[in-house]
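> First to last, the sequence lines map onto chains P and B. All residue numbers for the first sequence refer to our numbering, where the first residue is 36 and numbers rise by one. All residue numbers for the second sequence refer to our numbering, where the first residue is 4 and numbers rise by one.
Some hints here could point you the wrong way.
[To be verified] Partial list, computed: chain P residues near chain B (C-beta under 7 Å):
hint, residue
1, ILE43
2, THR78
3, ARG79
4, SER80
5, VAL122
6, HIS123
7, THR124
8, VAL125
[Said to hold, decoys possible] Restricting the straight-line Cα-Cα distance to at most 27 Å, the calculated cross-link-like pairs of lysine-lysine (DSS-like) are:
hint, chain 1, residue 1, chain 2, residue 2
9, B, LYS60, B, LYS36
10, P, LYS302, P, LYS266
11, B, LYS36, P, LYS41
12, P, LYS266, B, LYS36
Hint data in this document are derived by calculation from the structure and do not stem from the laboratory. Ideal Cβ placement from N, Cα and C applies to all residues, glycine included.
Listed here are the chains, written in short residue letters.
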Amino acid sequence: MSTTRKLIEALRERLGQADPLPSPPAIPRIQAPPARVFPTARTRSCYAEQAAAHTAAILGIGHVGTRYATDVVLQFQAELAVAHDAVHTVLPDDWAQSQGLLPLKSRVEDHHQFLLRPDLGRRLDEESLERLRGNAIQDVDIQPILADGLSAVATMGSGIRLLETFSNECRFRGWTVGTPMCAKYARVWLQDEIGETVGARVACILLGERPGLGTGDGLSAYMVYEPRMGKTDSDRNMISNIHARGIVPELAGRQLAMMAGAMLDQKTSGVSLDLSGLTAELGQAASGGYREPQRRVRLVETDR
Amino acid sequence: MILEAIPPTILSVRRIHAAHESVLRSYGADPSKHTSLGLVTCDQDDSTYVALDEATKHAPIDVVFARSFYAGANHASGRLSGEILGVIAGPDPDTVEEGLMALVRCLEHDACFYSADDGATIAVFPHVITSLGYYLSEEAGLQPGDSMAYLVAPPIEATIAFDAAMKAADVRLVRAFTPPTQTNYAAAWLTGILTECQAAAEAYAEAVVEVARRPWDFR
């Protein structure tokens with residue numbers, strides 16, 4: 036190679052152009068797709084419709100190509116958002132007092148810990164225990180406990196109504212009812228310690244249930260006879276789906292009172308409690324049989 | 004891509020074995036010692052000047068005529084005109100052929116312009132002649148065997164690069180061709196020892212590239 040060519044090649048190397056990136060290939064002009072609409076023939080499946088009639092689960096929603104229809108996806112996302120919001124809502128500290136309830140708190144320090152440490156949510160902290168011993172009526176027949184559980188939204192929504200309905204039903208049946216109280220950061224088994232402390236014959240905790248799709252306002256009620264620390268789930272009876280679209284609070288309060296009556300009569304609770312005589316009144320809570328599906332609420336409206 | 008070789012295209016290479024005396028005289032040859040002529044046209048004049056000089060080192064020929072055409076190869080008068088006609092003269096056709104072969108070799112493998120920007124819209128000729136032949140040494144007023152930097156670029160680039168080359172190396176100006184030359188370029192011939200000529204040529208090429216990248220820079 037000649038002197039000059041070598042020289043210029045070295046210079047080119049020095050200027051960083053010896054091995055430059057190849058210039059990007061020209062992007063061909065992309066034709067706009069033809070503006071065509073592919074109407075989806077809406078076919079109906081009688082099997083899907085029948086299945087869907089028995090549940091609030093997402094059944095028989097059809098599909099568009101390989102995906103869900105847009106309104107189904109939007110509905111799902113909206114329902115999921117409702118559930119997320121409910122899980123992350125915290126019961127305000129002064130809410131119990133503002134409602135005239137005895138405020139209690141479990142050993143949980145904050146909401147994050149509440150979600151991660153169910154064990155701490157099953158025990159009262161020292162302050163609450165003192166308050167319970169000092170202010171609550173002792174040796175009662177029924178001790179109703181309102182609590183936040185996994186959905187403070189539900190507690191703040193229909194909790195008071197359920198508590199009052201249930202308490203009134205119990206008083207109507209001639210039982211002594213404990214001081215109305217509200218526990219924050221509470222798990223179901225907290226009723227054992229509370230019921231044991233106040234010496235209740237039956238403890239009933241009413242708390243927000245784990246939110247599901249579109250259902251962030253559901254309450255559950257768990258009841259145990261002779262609450263003691265160490266009672267297990269087999270010792271409890273419960274009614275779930277207490278909300279406007281499921282079992283309305285007024286009905287639930289009456290059913291709970293009937294269940295409490297059965298416990299007081301039979302002096303037991305849980306699997307050994309015989310509710311066969313109350314099947315008509317208690318419905319699914321007694322029999323475990325067929326339950327009418329709850330009605331799905333449309334959160335999203337789309338043009339169809 | 005910058006500083007890529009732009010190879011010259013040799014448009015025609017011909018011989019006149021026994022040229023007429025009138026032709027010999029008209030093109031500056033001496034009928035008493037020259038019989039044959041070798042003619043070449045090429046689309047790069049400066050490459051061809053260097054190649055003509057190279058030819059004098061390989062055969063006992065004289066470069067009797069070498070002129071650039073106005074406005075350069077892009078405005079040539081014909082398909083074969085290019086931007087230069089070079090004529091070498093020798094005592095016999097074989098000598099001329101030998102000279103032409105050296106000339107062609109030089110054009111194919113050595114002397115050429117280089118691109119100073121992407122797309123080669125600006126060309127630079129930063130050529131180092133290691134050892135001058137009889138033709139350019141006479142044109143430059145130097146001795147055969149001296150080193151010379153033969154530097155060409157478009158007007159603005161050439162002016163700035165000329166300055167950069169003079170400052171970058173221990174070289175002496177032999178001849179400056181201010182714009183416009185016939186092909187509307189500008190050139191400078193610098194001499195010194197070989198390594199200084201190389202340094203000057205390198206600085207010249209770099210400066211041309213720099214001007215090509217930043218044509219507006221005055222504040």
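> Now, for every hint given, state plainly whether the structure supports it.
Do the hints match the structure? See the list:
1. Satisfaction of the interface hint for P/ILE43 is found here, the shortest Cβ-Cβ separation to chain B being roughly 5 Å, below the 7 Å cut-off.
2. Hint status for P/THR78: violated, given a least beta-carbon distance of 59 Å to chain B, over 7 Å.
3. Contact between P/ARG79 and chain B, as hinted, is not supported at the beta carbon level, the nearest pair being about 64 Å apart and thus beyond 7 Å.
4. Residue-level restraint check for P/SER80 is violated (minimum Cβ-Cβ distance to chain B is 63 Å; threshold 7 Å).
5. Taking 7 Å as the C-beta contact cut-off toward chain B, the hint placing P/VAL122 at the interface is violated, the least distance being around 59 Å.
6. Below 7 Å, beta-carbon pairs count as interface contacts, and P/HIS123 has none with chain B, the closest being about 56 Å; its hint is therefore violated.
7. At about 61 Å, the closest approach between the beta carbon of P/THR124 and any beta carbon in chain B exceeds 7 Å, and the interface hint on this residue is violated.
8. Residue-level restraint check for P/VAL125 is violated (minimum Cβ-Cβ distance to chain B is 61 Å; threshold 7 Å).
9. For the suggested pair B/LYS60 and B/LYS36, the alpha carbons sit about 18 Å apart, so the restraint of at most 27 Å is met.
10. Proximity of P/LYS302 to P/LYS266 is assessed by CA-CA distance (about 15 Å); at most 27 Å being required, the pair is judged to hold.
11. A hinted pair counts as satisfied when its Cα atoms are at most 27 Å apart, and B/LYS36 with P/LYS41 does not qualify at roughly 39 Å.
12. The hinted pair formed by P/LYS266 and B/LYS36 fails the criterion: a straight-line CA distance of about 129 Å is larger than 27 Å.
Comparing the model with each earlier hint shows violations of hints 2, 3, 4, 5, 6, 7, 8, 11 and 12; every other hint is respected.
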